[in-house]
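J.: Taking the hints into account, I'd like the entire structure generated from these sequences.
Number of protein chains: 4
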Amino acid sequence: VIRVGIVGATGYVGSELFRILHQHPSVTIEILVSDIDAGKIFSEIYPHFNGVANYQIKRTEELDNYSLDCVFLALPHGVSMEFVKEKGSSKYKIIDMSGDFRLKSASLYEKWYNQQHIAKEFLTKAVYGLPEIFRTQIRRSKLIANPGCYATSTILSLAPLIKNNVIQPQDIIVDAKSGTTGAGVKLSKSTHFSETFGNFSAYSLSNHRHTPEMQSVLKQISSKNVKMLFTPHLLPIDRGILTTIYTKPVKKISAELLREMYLNFYHQEHFVRIINQPPNVKNVRGSNYCDIFVTYDIRTNNILTISAIDNLIKGAAGQAVQNMNILFNLIESTALNQLPLYP
Amino acid sequence: VIRVGIVGATGYVGSELFRILHQHPSVTIEILVSDIDAGKIFSEIYPHFNGVANYQIKRTEELDNYSLDCVFLALPHGVSMEFVKEKGSSKYKIIDMSGDFRLKSASLYEKWYNQQHIAKEFLTKAVYGLPEIFRTQIRRSKLIANPGCYATSTILSLAPLIKNNVIQPQDIIVDAKSGTTGAGVKLSKSTHFSETFGNFSAYSLSNHRHTPEMQSVLKQISSKNVKMLFTPHLLPIDRGILTTIYTKPVKKISAELLREMYLNFYHQEHFVRIINQPPNVKNVRGSNYCDIFVTYDIRTNNILTISAIDNLIKGAAGQAVQNMNILFNLIESTALNQLPLYP
Amino acid sequence: VIRVGIVGATGYVGSELFRILHQHPSVTIEILVSDIDAGKIFSEIYPHFNGVANYQIKRTEELDNYSLDCVFLALPHGVSMEFVKEKGSSKYKIIDMSGDFRLKSASLYEKWYNQQHIAKEFLTKAVYGLPEIFRTQIRRSKLIANPGCYATSTILSLAPLIKNNVIQPQDIIVDAKSGTTGAGVKLSKSTHFSETFGNFSAYSLSNHRHTPEMQSVLKQISSKNVKMLFTPHLLPIDRGILTTIYTKPVKKISAELLREMYLNFYHQEHFVRIINQPPNVKNVRGSNYCDIFVTYDIRTNNILTISAIDNLIKGAAGQAVQNMNILFNLIESTALNQLPLYP
Amino acid sequence: VIRVGIVGATGYVGSELFRILHQHPSVTIEILVSDIDAGKIFSEIYPHFNGVANYQIKRTEELDNYSLDCVFLALPHGVSMEFVKEKGSSKYKIIDMSGDFRLKSASLYEKWYNQQHIAKEFLTKAVYGLPEIFRTQIRRSKLIANPGCYATSTILSLAPLIKNNVIQPQDIIVDAKSGTTGAGVKLSKSTHFSETFGNFSAYSLSNHRHTPEMQSVLKQISSKNVKMLFTPHLLPIDRGILTTIYTKPVKKISAELLREMYLNFYHQEHFVRIINQPPNVKNVRGSNYCDIFVTYDIRTNNILTISAIDNLIKGAAGQAVQNMNILFNLIESTALNQLPLYP
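Protein chains in written order, with the working numbering: chain B, 1 to 343; chain D, 1 to 343; chain C, 1 to 343; chain Y, 1 to 343.
Honestly, the hints are just simulated from the structure, not real lab data. Take these hints with a grain of salt, some might be off.
Unchecked claim - Okay, derived cross-link-like pairs now, PhoX-like style, lysine-lysine, Cα gap no bigger than 25 Å in a straight line:
hint, chain 1, residue 1, chain 2, residue 2
1, B, Lys-219, Y, Lys-248
2, D, Lys-227, D, Lys-251
3, C, Lys-40, D, Lys-227
4, D, Lys-189, Y, Lys-219
5, C, Lys-227, D, Lys-248
6, D, Lys-227, D, Lys-163
7, Y, Lys-189, D, Lys-186
8, B, Lys-224, Y, Lys-248
9, C, Lys-40, B, Lys-189
10, D, Lys-40, Y, Lys-189
11, C, Lys-248, D, Lys-251
12, B, Lys-227, Y, Lys-248
13, C, Lys-224, D, Lys-248
14, D, Lys-186, Y, Lys-186
15, D, Lys-224, C, Lys-248
16, Y, Lys-219, Y, Lys-248
T.: Have a look at this one:
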C-alpha cells in the first residue's frame, strides 16, 4: 500500500486529489496539509465529502511525523519550491502540481514568473509528468513536475505534428478556453459569479506562464525551436478546457493522413481518444480523458487541432495520480476509470 | 454475473444506467434497446462513451434473443406498461423507471396521467423501489417501480416526520427545484438553451404527477391520509434537485430533537446524509447521495426540511442500480460509491 | 433639471442607478461618490460605460461642494445611517437603498441587524419607498427608505390578499430565489463562480433581515400582525428574483376571484403586470416590471402567488428612480420604460 | 413617421426588432408577420411584452393591406429571396436579415448555401448594411442586406488593418465564439439546455456560410483577395459574440501604432469603441456597441484583434435599425442608445 500526503489539500486540485485517491485500491491517505486551514475538518470545508472521511487538516511541519511514500504538492508556484528545497531529499517521491519545476532553465523561470528560483538544484532532477510522452523518464524519477492544464491539452494536441515534422514549429496559434476552476479557489473579481456569468473574454494576452512550458517541452520532443502565440480565454463554466490550434503544414497533407498519424501516435494510450468529430468539454467532464480531433483546411492550408480535457483531472489531479501509478508500478489507469459525467 | 438489458438506453436515464452498470463488477450489459435509435452505435449518440464500449442499439423484439437476469426500462410512462403487459412474466426481473407502476390504484393513475392503465394486473405485484423505506419488500419482488426524482427527495425528507407522527399530514408544502435533465432528452421550448439560460420559473402548478405518488407512498408509510401542495420549478442547471419542505408540528419540537430523529431514522443508510447546514445540489452531483437538513423555526412554528439529490442518480439510474443490488443480494452500494464531483 | 449625486456609485446598485439616470431627460448626474474608489475613473471600474461618460469618483466630503437636489445612497446598512445622521437635514432629498430606515422601530432594527441605530430621529421621517402602496406619503417626504429586493417582490405579491382580508396573516410561507447580484459586488465564497455555477441552495434560514421589513410593512397596510417564514435561495444567475408564496384563505375563494382582485388592486399601476401564466425572471430582466401570477389550489386549500422582478431594477435602482420621479413631480415612469431583454 | 412591418416577427431577431422599434420615436409598427404563428397574439408568444403591445400576428399576404415605408425581413435564408423576388419592387424599403443578398455573386451563393438563387436580379441592387463602412451606399439604397452577426464583428475588427494594407490578406485566422441566440428560436440537440449547459465546442469547421461573406466584403474594402480560416464555437450563454483574430503584419508595426490606427479609423463612429483592455461580451449586452481591442505580439509577430458585440443587436436587429435610420435620414443612433446591461 502506498502511503500518501496531500499538501495544499484545501484547494480545488487538492480536493480532487483526495476524491481520486480515496477510491484508489492501493493507497492510504495519511495526512492532509494546509497551513491556512490547519485544525479544520476537511469535510467541513468540502461538505461533498461528508460521511466519506473525517480528516483534520494538519500543518506542513507535521508531515515529518508520518511515514510516507508519495507527497502531492497542490501549492501555488513559489511555495512549492520552498517545500522542495527543504524536503526534496526526503525518502518519499514528490509530485508537484505547480509551475516551479516544469521549466529546465532557472533564467527562463525567472523571466516568466518574475521571481527568483530558490531550488535550482532540483530543476534537472524533475521530470515533466506527461505520461503519454515521458513515461520512461517518469518511472525513474523522484520528483515529478505535473504539467499545467493548458499545457497538457496543447502538448498532447501538437506532439504528433511536431514529432513527425509536419508543421512549421514557429508559426503556431493556440486559442484556448478554460473553465473557472483553473483559476482556483482564491476569490477574485474576474471569477465573481455576477461578473463571469453570461460572460466571456480573453486574458493574459502574450504573457501567460504556460507559454514557455509548452514551447520548451515541445522542443524537448522535437529538438526544434518552437514558437507559439497562446491566447487563453475564460469560459463561464466550472470545469473543462477546449484548445483550438492552428498550424501550417510543411508538406503535402490531408485530413485522413493527419487522423491516421494521430491514431498511430496514441494507439496504446488509454486516456487519449482520437475522435472524428470536434470534441466538447462535457464529454470528458469528470474523467481523465483527453479528446483530440484533427483536420486540414485545404482552402487556407491550415491544420486545425482541437482538444478537450477536464482541467482538474487530466489537467491536474488525475494526471498526478496517473504519474503516481507509474512511479509505483501500478496499472496506469488505476482509480482513473471513472467515466465522463454527461449530460 | 448478472446479465442485464437497458430498454430506452438512449435517453438520459438510459445513458446514466449504462455509465453505472458498465463499472459494476458483477454485471454484463448484454443489450441496449431503443426502437427509435435501433441500428446506431451507442457511442455515436453519446460520444462521452467513445472508446469505452461499442454497442449497436437493438429493437425491443431482439430482447428475446438474449438470456437476461434483469431488464431496466428507461421508457416514457405509457410505453413501460405496454412492455410489462407483454413481457412482465418473463424470467428476468424488471426495474421500471416510469410512473406506470408507482401508484397502486389504476383509477388514481388514470386521473393524474389522463390515460388508461393497460397492465393493471401488475400494479399489485410491483414494489416501490425506495430502498431506505421498502428494502424488505424489494428483495422479494420481480417488478420494481423505481421512484420519481422529485418523489425520492420528498419522501426521504418527510419519512422521519410522518413515521414518527410529528407533523400534520395534510398540511405539507413542497417547493421543489430541478435541473433540466429531469425533463429528459426530448427537445422542448422550455428547455431550449436561449430560453432557460439565466431564467427560472415554476411549472405544473397543482397538477404534477409526482403528487399522488408521494401522497400514496407516504400514506403507506404512516397509514395516514397525506395531502401536500407540490410546486416544481425549473433550475437553469443540468443536474440536481433541491426540495424545500414546510410542515407543521403536532407536538412540541426543537431543531435538535428533529436532527436526532433524522439521524436515528437513517443511521444505517449509506446514501442518506443528515447534514448540519442547508444542502446544495453540487455537493451530491454525480453521486447516489441524498443530503438532508432539518430545522425548526420557533417564531412561525414551522419545520423546514431541505434535501438535495442528483436527479439522474439517486433520482433515477443510481437508485435503480441500488434496487438491482438488493434484488440480486449484492452489497447495496456496489458500483455506487463514486464521490460527488465538486466543484 | 434635477441635480443628483450617487453615493456608493461603484457597487452594482450604484452602477445601475447611473445607467438609468444617465438616460433620464430631467436629470444631471453631478457627482459619483465612493470613499474606497475615490480618484478612479468610473468607466475604468465599469468598462460597459466606456465612451458614455467620464466621471472621476469623489470622496463623501466633496459632496458639499455641489448643489444637489437629490442624493441616492447605495451604501451598506450601518454606513447609510452615518450619512443620514450627518447630512439628513441638508436641502437635498435622500433616497436610501440600505435597510437602515425601513423599520420604524429602532429596537426591531437592533434585534435583526445586531447593531445600534445611531440616527433614530430619522426613523419616523423616513417613508417606505414602495410607490404602488405608499405613493402619497412618498410625495411629501424628504427621506425615502427604498425597499429591499426580496421585500419588493413579496409585499407586492401579498398586498392585495392582506389588504382585502383574504388570508390568515400569521401563516405565510415565502420561498424566494434570487440571482447573485443581490449579494452585491463584494467577493465571497458563496458567490465564487466555481462554487455557484451549476449549484443551488437555501441560505439565511429563519433570520434574513428582510423578514421584519416585510412583516411590518404588511402590518402597516393591513393593521394586522403578520407572521411569515421567509426562506431565500441563491440562484445561479446574475439577475432576477422569483418569489413563491403560500397562504391560507380565510374565506371561500377561487382562482378567478383572486385574479380579478389582483387586477383591480393594480389596475392603475404601470409596473405591475398581473399575468395568467407563472412568471419567469427573464421576462422582466432589465426592466422595472413586477410580474405577478396568483392561483388557488382547491385540493389543499392554498393560495399560491408567484412574482418576478429584476432585483437590481424594480428591486433597487429602478424603484429608486421611480421614487425620485414621484418626489419631483415627474411622470413616474420617466427613464424606466426600457423593455425586458429577452432572451 | 415611418410605418414599418416586421416579417418573421416571432423569431429572436424579429422580437428584438420589435423591442427596439417600439421605443423608436419616429416609427409606428404597423404589422407583425409570421406565416407559422399567424393568428396568435404576439405577447402570448413573448410574454416579456405583456402590457406593452397587443399585436395579432398576420400572414405574409396581409402585408399588402398596409401602407408601409420599410419592411424588415427576419426570415431564414432561402425564404427571404422568395419574398424579395415577389415584392422587391414595392414602394417600401427592405432590410433583409438573411444571407440571401449579402454575396454579390449568385454562383458563390450557390456554392456555400447549396441552393439556387432565385432573385439574382436583386443581388446588384442590394447594399451590404454595415454603416461604419458603407454608409454612403446605404443611404441611396432600397434593399439592404443586413450583415451576419459573426461577419459584423469580424469585418469591423479587420477593416482598419485591411484598408491600411497592414496585414497579409490571405493569412487570417478568425476564432469566434457565439452565444446560442445566434442559432435562433428553432429547437435542436446542440441548443438543448442539458447538452449546452456547462459545455463548449467548435462547429461548422471550414464551411461556415459567413466565410465568403466576410472575404468578399473585405475584398470590396481593400481590392485585395482575402482568405481566412473561420472557426466558430458555441458559448454556453444566451447573447454575445467574442471574436479573436490573428493576422500577420506586412510592415513594421507596434501595439501603439495599431491602436492609433483603429482610433482614427473609427473616431467618428458612435457604436464602435476602441478600448484598451481585452473586451468581454457582457460589457456590450443589450447595446448596439462593438468593442474592439488590438495589440501586437512582438515575440511571434502576430497582430491580435479581439471584438465583442451583442449578436442580436449590433449583430442583427440593432444594426438593422441603424440602417433604417440612415435610409430615412434620421439621427443614426435613434432608439439605439440603450446602455449595456451589466452585470
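J.: Below or equal to 25 Å on CA atoms is what counts here, so check Lys-224 of chain B against Lys-248 of chain Y.
T.: holds, 22 Å
J.: What's the verdict on Lys-40 of chain D and Lys-189 of chain Y, does the C-alpha distance respect the 25 Å limit or exceed it?
T.: holds, 17 Å
J.: So if I understand the rule, the pair passes when the alpha-carbon distance is 25 Å or less; does Lys-186 of chain D with Lys-186 of chain Y pass?
T.: holds, 14 Å
J.: Could you grab the alpha-carbon distance between Lys-224 of chain C and Lys-248 of chain D and see if it respects the 25 Å cut-off?
T.: holds, 22 Å
J.: Assess, step by step, whether the Cα of Lys-227 of chain B is no farther than 25 Å from the Cα of Lys-248 of chain Y, and give holds or violated.
T.: Satisfied, since the Cα-Cα distance of roughly 15 Å is no more than 25 Å.
J.: Would the pair Lys-227 of chain D and Lys-163 of chain D pass a check requiring their Cα atoms to be no farther apart than 25 Å?
T.: holds, 15 Å
J.: When you check the alpha-carbon spacing of Lys-189 of chain D and Lys-219 of chain Y, does it fall within 25 Å?
T.: violated, 41 Å
J.: For the pair supplied as a hint, Lys-248 of chain C and Lys-251 of chain D, is the alpha-carbon distance within the 25 Å limit?
T.: holds, 21 Å
J.: Run the distance test for Lys-40 of chain C versus Lys-189 of chain B: straight-line Cα separation, threshold 25 Å.
T.: OK: Lys-40 of chain C and Lys-189 of chain B at ~17 Å, within 25 Å.
J.: Hint check: Lys-219 of chain Y vs Lys-248 of chain Y, CA-CA at most 25 Å. Holds or violated?
T.: holds, 17 Å
J.: Take a quick look at whether Lys-40 of chain C and Lys-227 of chain D sit within 25 Å of each other, Cα to Cα.
T.: At roughly 59 Å apart (the allowed maximum being 25 Å), Lys-227 of chain D and Lys-40 of chain C break the hint.
J.: Given the hint that Lys-227 of chain D pairs with Lys-251 of chain D, does the C-alpha gap stay at or below 25 Å?
T.: holds, 19 Å
The structure fails hints 3, 4 (numbered hints given earlier, in ascending order).
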